[in-house]
Amino acid sequence: MSVWFVTGASRGLGAEIVREALSRGHEVVATARDVEAILKAYPDRPDGLLAVTADVTSQEQVRAAVDAGLAAFGRIDVVVNNAGYGLVGAVEEVSDQAARELFDVNVFGVLNTLRATLPALRAQRSGRVLNIGSVAGFATAPGTGLYGATKFAVEGLSEALHGELAPLGVRVVIVEPGGFRTDFLNGASLRVEPASIADYAAGAGATRAALAANDGRQPGDPAKAAAAIVDVAEVDEPPLRLQLGADAVERVEAKLDLVRRELDEWRLTALSTGF
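Per the numbering used here, the sequence shown starts with residue 1031, numbered consecutively.
FYI, nobody ran anything at the bench for these hints, they're computed from the structure. All C-beta atoms in this analysis are idealised placements derived from N, C-alpha and C, irrespective of residue type, glycine included. Take the hints with a grain of salt, since some may be wrong.
[Stated by the list, open to error] Pairwise CB distance ranges (calculated):
1) Asp1064 - Ala1300: 46 to 54 Å
2) Ala1239 - Leu1100: 41 to 49 Å
3) Pro1197 - Thr1087: 27 to 35 Å
4) Ala1196 - Gly1304: 27 to 35 Å
Model the full assembly from the supplied sequences, consistent with the hints where possible.
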């Protein structure tokens, strides 16, 4: 069995991943900003669970959580970068503070966790890194530009990390979920910037309304998503990207079609710029 290190483990998809991993006999270091929230999520205190406080924006806290996991279990095999939150607002409407706070958690939190965990995986010459991105990190939409930008950043660093770690026996998977029935669309995980510019009512405004109306009605089952995530961590040759949900597949296919059409239409222009 493997030892898992999961951030954002107190609720939502993170909690489901922890439950699924524990149900298969894995041991889990479950982290969140509030350790009491983790213990509340697992009141039966299952064997193999180590709950640790770790705010991913604090390199010191994440390293202390990793040290606690290594002391308890002797190794870490699977790292799940799940901690993060959403932000809704037109690009121009999002304040500098809101944008920086979002990147601190969704991007720099991932980097903090990687710096703390990768030494153990490299030393073992084995392991899995599962970066929980979003379909918005492959094909974003009006009103979710800053959130999508954080997930695009996770995609970019994960692609590079895949090439860097593969020769060392460590595989990287980018998970791209669509809409799942977690608490992601309520105030616990989604921040909404004020609609301050009327010109964006048709774009970002429509997204605001759609997301508010869809809370609790998302098509994806989070327990099934967690099972798929644990499955992909257990195979010998995992994919670089794993889309979850029919809506995610549809959006990825639509963007691939668009990119191909534009590439074909503008191919001569693109090629004309060479020597």
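>> Flag every earlier hint the structure violates by its number, smallest first.
In response: Structure breaks no hint.
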